[in-house]
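Protein chains: 2
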Amino acid sequence: MKITLEQIAELLKKHSKFVVTAHVNPDGDALGSVLALSNYLISIGKNVTCLIDDDIPSNFSFLNNIKMITSPVENKINADLLIVLDSSDLERIGRVRQLTSAPVLNIDHHISNNEFADYLYLDSNVAATGEIIFQLFKLMDAQITVAIAEYLYTAIATDSGFFKYSNTSESTMKIAAELIHYGVKPNLISEELEKKPLSSIRALPKVLETLELFANNRIACISITQNILELCDSTEGFIDFPRVIDGVELAIMIKYVDDSTCRISMRSKTIDVSKIATSFGGGGHKKAAGCTIHQSLLDSKKTIVDAASRLMGVLNND
Amino acid sequence: MKITLEQIAELLKKHSKFVVTAHVNPDGDALGSVLALSNYLISIGKNVTCLIDDDIPSNFSFLNNIKMITSPVENKINADLLIVLDSSDLERIGRVRQLTSAPVLNIDHHISNNEFADYLYLDSNVAATGEIIFQLFKLMDAQITVAIAEYLYTAIATDSGFFKYSNTSESTMKIAAELIHYGVKPNLISEELEKKPLSSIRALPKVLETLELFANNRIACISITQNILELCDSTEGFIDFPRVIDGVELAIMIKYVDDSTCRISMRSKTIDVSKIATSFGGGGHKKAAGCTIHQSLLDSKKTIVDAASRLMGVLNND
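These protein sequence lines are chains A and B, in that order. Here this note's numbering is used: position 205 in the first sequence is 205, and no number is missing along the way. Heads up, this note's numbering is the position in the second sequence plus 318, with the first residue counted as 1.
It is worth saying that the hints were derived from the structure and are not from the lab. Glycine residues also receive a C-beta, built at the ideal position from the N, C-alpha and C atoms. Do not take every clue at face value.
Computed list of lysine-lysine pairs in DSSO-like fashion (alpha-carbon distance at most 27 Å, straight line) [as the list claims (entries may be wrong)]:
#1 B:605 - A:195
#2 A:286 - B:503
#3 A:46 - A:67
Just so you have them, the derived chain B footprint on chain A, three or more residues with Cβ under 8 Å [claimed, not checked]:
#4 49–61
#5 177–184
#6 204–210
Could you build the full structure based on these sequences and the hints that come with them?
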């Protein structure tokens with residue numbers, strides 16, 4: 001059932017025991033949204049359990065109280081509502097879905113959302129789920145502390161590519177302005193998020209060596225092999241190298257998971273990559289999407305480049 | 319003489335013939351501010367000559383009417399006012415200063431401004447000179463066309479490091495929101511500005527090979543040698559590699575100009591690098607500054623690393 005922000009506010013007021021979660025492989029929007037909503041709910045006297053079924057990338061360790069997000073354990077949790085943030089599919093929350101039989105409230109901005117929830121608030125026009133949480137807070141007259149402002153700024157800045165992506169709207173910028181008013185220091189957030197260990201910078205030449213162009217140079221692809229993964233802590237930002245090449249419409253990063261599994265990330269300037277991602281069981285947005293392919297790195301690359309070439313209407317002869 | 323925005327408006331209304339210029343080695347703020355102010359003045363019936371004594375980097379060729387900015391030729395220009403934007407020093411406008419004997423209006427945001435102008439409006443708290451031009455336009459009730467909005471967005475986005483630097487304020491974000499309202503598409507601006515030829519991406523491993531750390535890894539330095547310059551069109555963004563390394567407080571890029579000249583760029587998280595830049599005849603901001611050193615690349619590197627180490631209170635034994 002699709003509900004309004006007002007109805008979300010009602011649900012939050014009515015109930016007292018919440019599990020708040022977001023997708024595996026958590027990004028700034030997932031973490032920022034979970035932390036913002038959870039801390040607000042706690043501040044108004046609610047009982048909240050924050051769970052994400054994955055490790056938290058170290059770049060987010062600067063966020064206040066980040067350790068309140070834990071991994072799910074076997075014990076069932078008795079809750080009134082399972083709040084699933086920034087997730088288009090119930091599969092995306094991993095083992096958290098087995099821990100409670102509470103009704104599900106899903107707040108999301110992915111166009112690929114498959115409407116799995118009992119209560120759904122979906123706005124695919126906003127840059128981040130964090131924008132929706134901000135709107136909800138305004139509606140509920142929530143007190144926006146510096147920490148909450150930092151969570152929401154992190155959510156919005158990361159999902160809008162630091163205000164560079166096409167999802168960056170007038171409203172995105174106004175919210176960012178307001179969050180700065182509440183105490184966010186944009187440079188401190190960006191410094192933390194961009195921080196890379198020296199080893200990652202040293203690994204970059206190896207990443208750049210894997211750069212390949214396809215479809216008359218309209219598709220550029222980098223491959224994060226098992227060897228490269230051993231050298232670097234995070235692959236954050238690597239997709240920007242193929243993305244910024246003059247003439248490239250689609251950037252692809254193929255990341256080794258195991259010998260028969262790869263994680264695919266896509267950034268597009270033209271075609272709707274959420275269609276490709278969804279066809280492989282993934283999801284995302286029109287211009288930024290991802291999926292997992294159960295093939296070797298080389299085969300995954302061929303599979304995804306072929307699918308993209310077809311959608312672009314070009315034959316890939318490379 | 320320091321003047322107010324209201325007094326600038328008076329000067330612009332009173333006079334009819336303007337030369338508008340900005341610093342050599344022009345960046346987004348210099349170009350965007352010159353184009354915005356010039357196009358507005360033309361729209362209210364003024365006679366404007368736009369001059370910059372340097373080549374315009376190709377990434378800015380997407381800006382509407384960019385070709386109205388030309389290089390100065392020998393002929394003297396009869397003007398009522400020489401408007402010098404985004405320049406802290408008269409030397410920074412190159413040969414333009416010899417072309418007219420008109421009084422000088424300087425609008426700037428560099429803390430290192432040496433107050434050379436007849437009329438000065440200096441606000442070192444704003445992220446970009448473009449922010450001041452926007453304030454002036456509001457005061458003058460100027461019509462902000464899409465092109466003017468794009469000029470100002472380019473000015474502000476580039477000088478704030480796409481809203482990542484410490485100069486990004488609530489006001490910066492509000493102005494950006496308003497410019498999006500006037501028709502700016504943030505993704506189209508960022509795509510143009512970030513665009514790199516494939517050759518630049520292919521040259522990156524060679525840039526990364528030059529990475530060196532000093533002062534207990536608090537200073538990171540890259541060197542753009544003559545060989546590297548032959549491979550890449552622009553060095554835009556290269557300083558981000560040393561800048562994002564965990565623990566690095568000062569990133570330095572040393573760029574070959576000729577065998578006895580180097581151009582130095584600095585980005586700091588702690589020390590005031592405008593002091594170092596000024597001591598070598600350059601200038602800038604507390605956290606982003608630059609200068610030219612008349613030494614070989616190797617000697618320049620030693621000179622600047624030593625100066626920075628002293629300011630940081632560390633002995634550089636590397």
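Legend entry - List of violated hint numbers, smallest to largest: Structure breaks hint 4 only.
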